[in-house]
Amino acid sequence: MRRHGMAFAAMAAVTVFLGACTGGVQLEFDVAEPGPDAVADGGADSIVPADVPGPEVAPELAPEAWWPEGVLDAGGDLGDTGGVEPGAAGWPCDAPADCLEPWCIDTPDGKRCTQTCTEECPLGWECLEYPPAKPDLIFLCIPPATSLCRPCTKNSDCLVGGVDYGDVCVDYGAAGSYCGKPCLEASECPGGYACEEVTDVLGKPHSQCKRDGNECGCVQDWIDDGAYTECFEANAAGVCWGMRKCSPSGLTACDAPVPMVEDCNGMDDDCDGSTDEDVLPDVCMVKNEHGKCFGEEVCEDGKWTCDAKTPGPELCDGQDNNCNNLVDETFPDSNGDGKADCLTDDADGDGVKNNEDNCPYVANPDQKDADLDTIGDLCDPDDDNDQFADDEDCAPFDKKVNPGEPEVCDGVDNDCSGKVDDPFPDTDLDGLADCLDEDDDGDGIPDKLDCAPLDAEVAPGLPELCDGKDQE
1 MRRHGMAFAA MAAVTVFLGA CTGGVQLEFD VAEPGPDAVA DGGADSIVPA DVPGPEVAPE
61 LAPEAWWPEG VLDAGGDLGD TGGVEPGAAG WPCDAPADCL EPWCIDTPDG KRCTQTCTEE
121 CPLGWECLEY PPAKPDLIFL CIPPATSLCR PCTKNSDCLV GGVDYGDVCV DYGAAGSYCG
181 KPCLEASECP GGYACEEVTD VLGKPHSQCK RDGNECGCVQ DWIDDGAYTE CFEANAAGVC
241 WGMRKCSPSG LTACDAPVPM VEDCNGMDDD CDGSTDEDVL PDVCMVKNEH GKCFGEEVCE
301 DGKWTCDAKT PGPELCDGQD NNCNNLVDET FPDSNGDGKA DCLTDDADGD GVKNNEDNCP
361 YVANPDQKDA DLDTIGDLCD PDDDNDQFAD DEDCAPFDKK VNPGEPEVCD GVDNDCSGKV
421 DDPFPDTDLD GLADCLDEDD DGDGIPDKLD CAPLDAEVAP GLPELCDGKD QE
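Under this note's numbering, think of the first position of the sequence shown as 1, with each following residue one higher.
Some hints could be false.
What the hints assert, rightly or not - Cut-off 35 Å, straight-line C-alpha distance, at most; resulting in silico cross-link-like pairs (DSBU-like, lysine-lysine):
| # | residue 1 | residue 2 |
| --- | --- | --- |
| 1 | LYS353 | LYS339 |
| 2 | LYS111 | LYS154 |
| 3 | LYS204 | LYS111 |
| 4 | LYS292 | LYS303 |
It should be emphasised that the hints constitute simulated quantities derived from the structure, not laboratory data. Remember, predicted model here, so these are calculated numbers, not experimental data.
Using the sequences and the accompanying hints, generate a full structural model.
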């Protein structure tokens, strides 16, 4: 709603030029010299009644004239003060005493004098309630809101000259958030804007002027202030946040990365706050001369590594060291229990524990040990301990008979030559050496009764012949 301006005692013609952003629009209007009753204490009761004749005012600029495409960058941008009467609305001030009316307010162009109003205002300003005057209800001429379409992240970014006129930070979705302007109908919004029910960055509903279609732009004040907003890129992979800011070349593009399916690269590809999570590994293999071991890829420090073990020679350790799906296959399993002997406490299953068994890998429950060398006979390679292996020894349990023993005339093959007493004579060739034969000549007469024990043709009882021998 518009309010009528204060009554003035006298009229003076004043010409005002809006700043360069307005395109050099020239406004002419009459400003009254204040009468003695014009200045009050600032309370609501000091406003002159609406039926008091007011000054002639210039027609208000159409929104298209003071809001350029995409952003309000003119409005209250007064530039210099040429044409503005000292102390009148738009005049620079430091305190209320500098103004014709005691109102020195903050504007985007610094502190400026203004005036109370009931409807119309000079300079294309708006007649609005002035919140800092509360609880008094005061309407002042205020420069058009220059926060409209300003990039923002919070509602306080949309204050005008530090004053809250109801502009809020409106959510524009992925494009970011930008300042709106309170409205009740479309006519209250500038060209290119619609009066819509919107939500602010806190999710609260408001009726605000919102940019219709095109993106917002930037003005120098916003560039100087480093105005920015948060934007995002979204797709099935996730949502990635970024920033857009006002720069000398305009509003920057959203710098949010495009969400990607997470990969092993040390980056948060899907922007969920985690790195390299839920990546899908492939089967991998480590191969060498011992075999092939298969495993699965593991993402570590942004790189894929294979978790397969390195093949090695088979060890007796209950493990498949060479990855051939066999365990300890090169080691004996004496009792056939499926476990290598090296891994059981009774490898031969003879009831004697390995650490007590004189033949731990050969079943010998009787624990016989002929040479008493603590190695059981069934597994002792030299049972008589004569330093000749049993398979070379013709008498493995007789240490006096072996290939290294000298042959003696004792009826034994002492040197394992396969012949008994072979170096010794056997007169009658009966296989028994004369040294052991009681009838060396085999004539049936024991040597001790035979006068010629080595001559079978001479023996008691033989007929005497005339041959020079004593046959009988």
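Next item on the list: Decide if the proposed pair is consistent with the structure: LYS353 and LYS339, CA atoms, cutoff 35 Å inclusive.
Entry: Holds, because 15 Å separates the two Cα atoms, which is no more than 35 Å.
Notebook entry, point to check: Can the restraint linking LYS111 and LYS154 be considered satisfied, given a maximum Cα separation of 35 Å?
Noted result: With Cα atoms ~24 Å apart, LYS111 and LYS154 stay inside 35 Å; holds.
Note to self: Hint check: LYS292 vs LYS303, CA-CA at most 35 Å. Holds or violated?
What the structure shows: 22 Å, holds
Margin query: Given the hinted pair LYS204 and LYS111, is their Cα-Cα distance within 35 Å?
Written below: Satisfied, since the Cα-Cα distance of roughly 32 Å is no more than 35 Å.
Of the numbered hints given earlier, the model fails none.
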